[in-house]
Amino acid sequence: MASTPVLVARQLSKTVPAPEGELTLLEHIDLTVQGGDTLAITGPSGSGKSTLLGLLAGLDVPSQGDVRLAGEPFSGLDEDARAALRGRYCSFVFQAFHLVADLTALENVMLPLEIAGADRARERARQWLDRVGLGKRERHFPSQLSGGEQQRVALARAFAMEPALLFADEPTGSLDRANGDQVAELLFDLNRDHGTALVLVTHDPALAAHCRAHQELVEGRLSA
Amino acid sequence: MLRPSPTLLLRPWRSSAFRIQALALLVCTLAIAAVVLMRGELDHRFANRTAEAIGGDLVLEGSEPATEAQRDQVSDLPHSAVTAFSTVLVHGDTFVLTSVKAVDAAYPLYGELTVTDRRFATPRTIDQGPPRGEVWLAGPGLDRLEQDVGDSVTVGERRLRIGKVLVREPDQGAGFYSMNPRVLMNRDDVASTGVLAPGTRVKYELRIAAPGERMATVREQLTATLAPHQEIDTREDAALRSMGPMRQLSLWGQLSVMMVVLLCGGAVYLAAGVRSAEQARRCAVMKTFGAGRRRILGQILGRELAALLPSIVLGLVLAAAGFLLLQQWLGDALTWRPSLITWLLLALAPVVIWAGFALPRLWRLADLPARLILADRMEAPAARTGRNLLGALMAPVLVAMMLSGSLVALGQLLLLMVAVAVGLPLLLWGPLRLADRGGGRLSLAPRLALRRLARRPLTTLPMLAAMVLALGVMSLASQVGQQLLGQWRASLPEKAPNYFVLNLFDQDMDEFRSWLDRHGAQVPGFYPVVRARLTEVDGRPVREAVTKEDDDDQGQRALNRDLSLTEAAELPGSNQVQEGRWVGDAPGEVSVEAELAASLGLEVGDQLGFTAPSGAVVATIVGFREVEWESFEPNFYFMFSPTTLEGLNRYWLTSFYLPEGQGADLPGLIRQFPQITLLDVNALLDQAQDLIARASRAALALAVLLLASSVLVMAAAWLAGNQQRRRDDALLRVLGARSALLRRVAVLEQALLLGGAALVAHLLHVLALWPLGERLFDGDMPLSWWILLPWALILPMLAIQWLKPRRHSAPLARLMS
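Sequence order for the protein chains is P and W. According to the numbering used here, the first sequence is numbered sequentially starting from 1. According to the numbering used here, the second sequence is numbered sequentially starting from 225.
Simulated from the structure, these hints should not be mistaken for lab results. A few of these clues could be false.
[Unchecked claim] In silico lysine to any residue, SDA-like type, Cα no more than 20 Å apart, as pairs: (1) W:Lys427 <-> W:Leu902; (2) W:Lys1028 <-> P:Asp80; (3) P:Lys136 <-> W:Arg665; (4) P:Lys49 <-> P:Gly71; (5) W:Lys1028 <-> W:Trp942; (6) P:Lys49 <-> P:Asp37; (7) W:Lys388 <-> W:Ala440; (8) P:Lys136 <-> W:Gly664; (9) W:Lys388 <-> W:Ala329.
[Unchecked claim] Here are a few chain W residues that face chain P, going by a calculated C-beta distance under 8 Å: (10) Arg675; (11) Val842; (12) Leu956; (13) Leu959; (14) Ile1024; (15) Lys1028.
Think of the CB as a built atom: it goes at the ideal place given N, C-alpha and C, for glycine as much as any other residue.
All chains, full assembly: derive it from the sequences and hints.
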């Protein structure tokens, strides 16, 4: 029996008002991601990758179409309900790391656990920091960590909830070659070990090649 | 170059950062101008007229007239003899205690008298005092007696005609008795009134006009002839003395204003950071189109400053309006008109503040390469930070120079500024660090709120210190002004004495006691009073035995004036023996008030010598007393054993409680004993309460300015951190946080800051009241609901933050931007 896909997008479109009328950012996007899958989405600047990411994660509402996350529809939910659903099933890794500057490494990893009200948040976060090799840096603030270390903290934060789906937006884009390779290896290791589906947005063909599936976004449309 | 049009000058007002700068400049313009204008008026009243104020370049004063030899020494100089005392004037059933100056034909030596020929007529000036048979009375005295020019009034045993209404004398002084209506009379009429008798409290002055170097010579000559009851005052001494308390008050006012200036400068600095980010792209685009440095600076800075000018002008206008209101507060026409230079300097001060705090950040826009700005890589090189700091430090120093007016005062002001501006944040740093460490175990919302504050100490500590100061001063000024004195009066015993009587003579005592008995008055006791000077300690002249350099020291003051000595068999209820014992029955023993004894370095067993006009007294110290000065009973520094003061000229002093309804008979008492001085304690306390209320209102006004500038700093810091705060909120949203969590964090951040400030302000409030509680309330703290005043401001602010609608922008877009 086929398992429920982790992410399903049907006929997703997004238009925004513009001085000349409506501007179409995305149209007729169909996408399915199974549990444990890895999907790379590439495309030139301005092709709509960030818009697509926002719609898939429930951070924005499509003009047409719908998105289902672990079988549950985003459509029709208010912002708080979408946030709760997102927190339960998704996590993110960004190019600019986006750690909270005022929290320690440990507290950053604890964030999604505390937001979800999970038990033993501190203990679990500590385990994940150890897993990414930063167990001794738990009291350090982001300003005291290198770029590669910050991204590893972000990875630990992303996996702390053991999400069904991870969105990674140019996760190695701000790192040098060595650090980037290290982060990429960690990302795919965690994906393999924990069965988390991965949707990776990247310009890097080598990174995209690690994924099982690859789709290109051109002028608001997806092609394989 | 584009000329600034009204539209272009209005455009900056769309920016929150610009509005904060404009408000900050308005507040600091108002604060600086208010203090400078008030100081100018007070300086003009006191410092520039001291020779007129004391009546001469040099004044020889004592409790007896100057000797013939002393008068001969100054016979070649213009001089005037004046006798000053207090007495009651009576008309029918009405009486009023007045301060009388009996003057000779040479009065006034300096300045002119301002008089009118009828009540409310047009004033005119004359250069001579009243002729024989006349008194000149100040308006309030006339009103209370319901008299006018041409009517008669009784002074002691003599009826005198009211010749003129006294508006102002050039030597109109300040002091306890100057709260009473003033009277001028001819010196030759004094003897016939009978108000002066041996032992009466009177001051004889020989005023001498000795300008320039001559004053020092005359002073030296007269000093050699001084009797123990005499002293010399000069225009220089008077200037220092009269300005002393005003200088203190002025210094604290200047300090408060400098705190406002620093806070407003801080707000300008923070807002300028946001403003420079807002202007950066425009600057970069101008560069790409070939605009040079000068043009860019002219457009950006010129337009910015021009748009800020209305705030500065409004601040000056408000200060000028306040200056006119000062006339009402002082109850008199203003004597000083600020010059054009003063107004220009006042207009320049806020520009200096803006230049110091904002200009460096805006200036560097012209130096940054356009490609950096357009690539969003506008990091300030380290060297620029130093330049920013230098500008930010110089600006307040320049303003402080303008406020203080002298290098010495500037030094004091800068020291105090550093102590408060650096000291208070340093004191708060420790608790902030502790809170940060302890906050690790809190749940997400309070932990995040606490971290946002604790991780930015350079912003948080000044905000916290500013709010603590403003809230503390506000609650304290409110309680003191509205309530404290009234609360203290209510705490007094129900039948605490409400009248004091001085100048009773021996022959009056029996009749006076009868009067008191008939009216049910309660009297703690009668005290004989001898006026004398302390002249010897253990046989040595007192100036050798006791070395005092500080003129404000209690002991020094005791050496420079006549003291009131008394004798008593029993220890008064308001006194407690602290060391040694109370005096015995044998004459020649004295008990000294403990603080004065400590100030003079006296010990039990020392022998003290006093010189009075009618003789000398020697006594041995047998003990020291603690005195409850607030008891409204007669209290004395020196109390002798019975009969020690026998044979010396004396008068009697007492206080009594007169039951309600018996006050109508007081005029009869005055008529029966015309030489006595009767003090209505409640009236004096009412005047004191009024004075305290006025001072509290001034303190409250400064506290409001301080609070306004603290709020501006908070707003600017909030704005400067807003971008980071919004990013964090967007991240929390992305991670699954609901609106309620974001709202909780925002409100908690403000609650921790404001609530923490309020709690420390409560502590300051209590610490400030502690000494008052010890002295006036028998150790009980006079706490009241006023201490909670800060919450009346904080809770609405938090409620607004909680209820404020939140804009929902796409969180991912915010993170990506």
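| Quick check: which numbered hints come out false for this structure? | Failing hints, ascending: 4, 7, 11, 14, 15.
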